[in-house]
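Peer 1: Sequences are here, hints too, so could you generate the full structure?
Oh and the sequence shown: position 41 is 41 in the UniProt record's numbering, straight run, nothing missing.
If you are wondering where the hints come from, they were derived from the structure by calculation, not from laboratory data.
Incorrect hints may appear among the rest.
[As the list claims (entries may be wrong)] The calculated label-pair distances, taken between Cβ atoms and stated as ranges, are:
| # | residue 1 | residue 2 | range |
| --- | --- | --- | --- |
| 1 | Asp148 | Pro8 | 29 to 35 Å |
| 2 | Asn133 | Leu71 | 54 to 60 Å |
| 3 | Thr109 | Ile51 | 46 to 52 Å |
| 4 | Ile77 | Gln22 | 30 to 36 Å |
| 5 | Asn133 | Asn7 | 28 to 34 Å |
| 6 | Phe128 | Leu23 | 20 to 26 Å |
| 7 | Val94 | Asn133 | 17 to 23 Å |
| 8 | Lys88 | Ile46 | 23 to 29 Å |
| 9 | Pro8 | Arg32 | 49 to 55 Å |
| 10 | Pro155 | Leu60 | 48 to 54 Å |
[What the hints assert, rightly or not] Below are the DMTMM-like pairs computed for lysine to aspartate or glutamate, each with C-alpha atoms no more than 25 Å apart in a straight line:
| # | residue 1 | residue 2 |
| --- | --- | --- |
| 11 | Lys29 | Glu156 |
| 12 | Lys122 | Glu156 |
| 13 | Lys97 | Glu2 |
| 14 | Lys29 | Glu172 |
| 15 | Lys161 | Glu172 |
| 16 | Lys122 | Asp177 |
| 17 | Lys88 | Glu160 |
| 18 | Lys97 | Glu156 |
| 19 | Lys91 | Asp157 |
| 20 | Lys91 | Glu124 |
| 21 | Lys88 | Asp177 |
| 22 | Lys107 | Asp20 |
| 23 | Lys122 | Glu160 |
| 24 | Lys107 | Asp19 |
| 25 | Lys29 | Glu2 |
| 26 | Lys107 | Asp148 |
Even for Gly, the Cβ is constructed at its ideal location relative to N, Cα and C.
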Amino acid sequence: MEQNFQNPQIFDFKIPDFDDLQLTAVSPKYLRIILFNMGLLSLFLILAVSISFYFFYFNLNQMQIVIIIGLVFLLIIFLFLNSIVGFKFRKYAVREKDLFYQQGWLKRTIIIVPFSRVQHIKLEQGWFSRLLNLKSISVFTAGVSGGDISINGLPEDIAEKINHHIHGIIAEENSEDGGEA
1 MEQNFQNPQI
11 FDFKIPDFDD
21 LQLTAVSPKY
31 LRIILFNMGL
41 LSLFLILAVS
51 ISFYFFYFNL
61 NQMQIVIIIG
71 LVFLLIIFLF
81 LNSIVGFKFR
91 KYAVREKDLF
101 YQQGWLKRTI
111 IIVPFSRVQH
121 IKLEQGWFSR
131 LLNLKSISVF
141 TAGVSGGDIS
151 INGLPEDIAE
161 KINHHIHGII
171 AEENSEDGGE
181 A
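Peer 2: Laid out in structure tokens, this is it:
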């Protein structure tokens, strides 16, 4: 039995171009949550270093102490700058057949989830997000890990609309396949 398997090469001009995609940034209010979390992390880091100095102060000379404090503050500054600059790259798009999400500036991550692969959707709202009227939507897929999307910092109404849109498409596909919606 002879199989006729073909796998032709796709040339560069046939690959979809995502530069033309109109992406929507997450709410600018979400930056407050990120900076609040970075502030808590920074306080924890400073507290941990302070406690370490209390117990190990006698084993360190003045130069070592200055170097450690300098490195801690450089790390904190880097984390804040990384959060602020990286925030500008948090964007999403809801298309006809999939959900597109990108994030990161040092390491750009793009995740595309086809609606046909969606298993379930979860809307979340923490206490700080509730104060700012923001929600997060997580879309879980059938398949390997890394195909799931969590978009944080969406306005409540947008997150609800995305949720209803995806549920509607899934229900429509199930009814077309003869399954239950």
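Peer 1: Hint numbers the structure violates, sorted upward?
Peer 2: 2, 3, 5, 13, 14, 21 and 25
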